[in-house]
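> Here's the letter readout for the chains.
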Amino acid sequence: MLTITDLHASVGDKPILKGLTLDVPAGEIHAIMGPNGAGKSTLANVLGGKPGYEVTGGSVVFRGQDLFALEPHERAAAGLFLGFQYPVEIPGVSNVQFLREALNAQRRSRDEAPLTGGEFLKLAKDKAGLLKMDMDMLKRQVNVGFSGGEKKRAEMVQMGILDPAFAVLDETDSGLDIDALRIVGAGINAIMRSPDKAVLLITHYQRLLDVVRPDKVSILAGGRIVETGGPELALRLEAEGYDSVMA
Amino acid sequence: MSTATLPTRRDEAWRYADMDAVARLGVVALDQWQTINVAAGESVTRCMIVGSDAPELHRFRVSLGEGAKAAFFVTNRGGDYTRVDLEIRLAKGAHFEFGGVTIGGGSATREFVTQVIHAEPDATSNQTVRAVHWGTGTGNFLGEIKVARHAQKTDAAQDFKALLLEAGASANAVPQLEIFADDVKCAHGATVGELDEAARFYMMARGVDPATAQRLLVQAFIGDAFVSLDDEAERETLLDAALSALEGARL
Chain E
533 MLTITDLHAS VGDKPILKGL TLDVPAGEIH AIMGPNGAGK STLANVLGGK PGYEVTGGSV
593 VFRGQDLFAL EPHERAAAGL FLGFQYPVEI PGVSNVQFLR EALNAQRRSR DEAPLTGGEF
653 LKLAKDKAGL LKMDMDMLKR QVNVGFSGGE KKRAEMVQMG ILDPAFAVLD ETDSGLDIDA
713 LRIVGAGINA IMRSPDKAVL LITHYQRLLD VVRPDKVSIL AGGRIVETGG PELALRLEAE
773 GYDSVMA
Chain H
1236 MSTATLPTRR DEAWRYADMD AVARLGVVAL DQWQTINVAA GESVTRCMIV GSDAPELHRF
1296 RVSLGEGAKA AFFVTNRGGD YTRVDLEIRL AKGAHFEFGG VTIGGGSATR EFVTQVIHAE
1356 PDATSNQTVR AVHWGTGTGN FLGEIKVARH AQKTDAAQDF KALLLEAGAS ANAVPQLEIF
1416 ADDVKCAHGA TVGELDEAAR FYMMARGVDP ATAQRLLVQA FIGDAFVSLD DEAERETLLD
1476 AALSALEGAR L
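Sequence lines, in order, name chains E and H.
533 is the number of the first residue of the first sequence in the working numbering; add one for each residue after it.
1236 is the number of the first residue of the second sequence in the working numbering; add one for each residue after it.
Chain H with its partners taken away, still in its complex shape (with noise of 0.2 Å):
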């Protein structure tokens, strides 16, 4: 079934969306989720490389049975409007983990937006996003975590820190925290910046070239999206294909 309209920035959610890009993609892809379920003590783990050169949405409904986990890890690299939704609930003791990264420049939108229902008791989530961007790109990160009355012991967090490599490129962090229960732990924190150019000047002092200096910088910026990330060939594959966007940047 059809929702048949298009969402506007006057919806939280699209805030700062490309609207053109999502008229492009149309209703019918604004429909399309993938639906997973993890079972009472399963786990999932997803890795994905996202973006090309054409509008893309990648919407997903993750429902955690008693005990269960999913792990979503991402690299956005857009060259056009990029969007990756998670829609997560957490039954009693489950876990959600997310690791994402935006990368790239041009004039382009990537953005990750997270739903996260803590419904029962004793479930815990953990997203840690990360944005590179130069031109006049952005990234975007809308995280929103709602806690249910009875959700107590409910332990969850949001981590967000960009790093704008031009004057032009922007990032914008929405933290929405929802909570009805008593007894909970909500960190979030979101922190916008640009190089260390004492830890550039200091690398290149010592015989390393700029862009390798920035490139080290940058891994080691967005490295902590996937530390959580055990398969150490994933983690290098998002990582190159986060890396691989910068250097065709020439900055």
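This is chain E alone, in the form it adopts within the complex (with noise of 0.2 Å):
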């Protein structure tokens, strides 16, 4: 679903990721660890399409499309969702306003009808249910004081409702306590654990790992894939430490 191929990319003059190949076939949920400053958020980043990151070199092709030809908005149209580490506060716009745009942006540029008010309402409804979430705060500006917790709740929501078919969950689990990191995870497996759809996880920590069993773990260091393995990989991260690993 989502092939990365000898992939570099830059942050001003900066080389961030120094040839990173990784395939993520439907059906998989794969998880990327690593080290602080080895990439993990200049790669998701960079699939978002996020200003500031340049790709230097190397393809990504997602759902058979060059995914570098397309804006960051035809990349949600086309089905790709970026978790946000750091969800963005939107003072004056409602989450419903916002999410009701976003969701029907992507309708017309599929050629799908539009939702009504009444239906995305129930739609939106439904998934805040998911994530245990309160209608009320769906209809507070987006982010606005909200949360570190309640933040990665209202993305994960925001995703229930935009389902999309590859999800990048930029480290979802941090600022979560125990209870909402569970949550947070059911809510993952719920939306996204399907044969036809994909995950890259980023996560520092196993505990994200225990909800959300990965497929597959990959390690991230000095900006490309340095191992691939089993969950039991992620396993023998947390006892042993990067070093002992990737020695």
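By construction, these hints were calculated from the structure, which means they are not laboratory data.
Warning: the hint list may mix true and false statements.
Unchecked claim - Reference listing, derived: stretches of chain H covered by chain E, where coverage requires no fewer than 3 residues with Cβ under 8 Å from a Cβ of chain E:
(1) 1429–1443
(2) 1454–1465
As the list claims (entries may be wrong) - Heads up, simulated DMTMM-like pairs for lysine to aspartate or glutamate below, C-alpha to C-alpha not over 25 Å straight-line:
(3) K671/E / D1431/H
(4) K683/E / E1432/H
(5) K671/E / E1471/H
(6) K671/E / D1466/H
(7) K671/E / E1467/H
(8) K671/E / E1469/H
(9) K671/E / D1459/H
(10) K671/E / E1432/H
(11) K671/E / D1475/H
(12) K664/E / D711/E
(13) K683/E / D1431/H
(14) K671/E / D1465/H
(15) K546/E / E1432/H
(16) K1388/H / D1418/H
Said to hold, decoys possible - Stretches of chain E that chain H covers, calculated by requiring three or more beta carbons in the stretch to come under 8 Å of a beta carbon on chain H:
(17) 602–609
(18) 621–629
Since we're looking at a predicted model, the values are computed, not measured.
Just so it is clear, CB atoms sit at the ideal spot from N, CA and C, and this is done for glycine as well.
Put the two chains together into one complex, using the hints given.
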């Protein structure tokens, strides 16, 4: 579903990704772990198309399309979802307004009929319930006044509503307490665990992987994938640290 | 009676005006003031959409009696120099509310010039102006507040924020406070900024196209100016008038 080949990318003049290759087929939840500064967030931002991240080499093919030929909103319409490490606050715009615009923009670009206000609210209520989030929160301004944990849960509600084929989740577990981690993990399973979907799950910790069981685990270090294995690789990292596993 | 002479840029209230356009308007237009007297305890609300392809000048002298209220809400989307002057005089316990939006590109100047005189104690005033410009368009807010010597417990606030969507656009804020009483609250703030790129990317990452993201962000930005307008239909009309100016721009 997503094939990354020899990807090089820079931020400013600084090369961060240095020949990253990774293939994530449909049906797979693929965890990416790695030390700080390895390039994990850069990978997520490059896939999302964030301004300021320059691709200097390599290719990414997403569902048969050249990902870099698409603008960020076109990537979303093609089925890509980027879960933000730091979700952005948008004063003056409500979650409901924002997500309805987003969903209907995606639907229009796929030649699907936009949802009415009533249809949208029903869907939103359903997905908010999945993440145990109160509908009143969705009527509030986007992420404004939300705690760190609420922002991450709101990200997953957004993912549920937009129903992407592929999710890149950048440290979705950071800032979550144990209960919220279980809720978010269960949300990821419910929304994305499917033979025709896939997830790139960027995380520092095993604890999320206890809930969202990955099919594969890769270690990203120095801007490249240095090792790929099964779930046991994450357990070894947790026990022994990066140095011993990568040595 | 005509004042017979045109103002110059040396006059504080005309400092950022388009003087060529003012000359085209002529002295007769300058003398045309609408006078509104709001009787004690009464209230008046005016909603206006101003601006066209020709210069426009809208001048109001409003006198508020004891405990009276006046509210002005204006979308200024002139394609040429468009100015709204408000001279407000507040008696004891009166309230003046102003919400204004200047929006537009091209090379036109749009401005709000207010003079709020707190002549007696206990009066309040609140002014919120938002400016959104592109091209080499300009938005100005010149707000003068005068508090008379015995006008204790005056509470006056002014808030101006500008959003410049392109590098050539500009905004000017000139707050002028003249306070002769000692027990008063006068607050004023002014900021000029660009579109929040992080918010725009966040929206795009969810599938919102760039033009819609911009519209949503501009809508949220200018919404502050009309929050105290209770009539929802009027509020929508003013917002729509502002946003349609943006849509025509195709930035």
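> For every hint, state whether the structure bears it out.
To see whether the hints hold, each was checked on the structure:
1. 1429–1443: Coverage by chain E holds here, the residue count being 12 at a Cβ distance below 8 Å.
2. 1454–1465: holds (count 5)
3. K671/E / D1431/H: holds (21 Å)
4. K683/E / E1432/H: Cα-Cα ~19 Å, so holds.
5. K671/E / E1471/H: The hint holds at about 19 Å.
6. K671/E / D1466/H: Since the Cα atoms of K671/E and D1466/H sit roughly 21 Å apart, the hinted pair holds (cutoff 25 Å).
7. K671/E / E1467/H: Between K671/E and E1467/H the Cα gap is close to 18 Å, so the pair holds against 25 Å.
8. K671/E / E1469/H: Holds. K671/E to E1469/H sits at ~23 Å (cutoff 25 Å).
9. K671/E / D1459/H: holds (18 Å)
10. K671/E / E1432/H: Holds - the C-alpha atoms of E1432/H and K671/E are around 23 Å apart, at most 25 Å.
11. K671/E / D1475/H: holds (22 Å)
12. K664/E / D711/E: holds (11 Å)
13. K683/E / D1431/H: Roughly 19 Å separates the two Cα atoms, so the pair holds.
14. K671/E / D1465/H: holds (20 Å)
15. K546/E / E1432/H: holds (22 Å)
16. K1388/H / D1418/H: holds (6 Å)
17. 602–609: holds (count 6)
18. 621–629: Contact hint for the region 621–629 of chain E vs chain H: holds, 6 residues under 8 Å.
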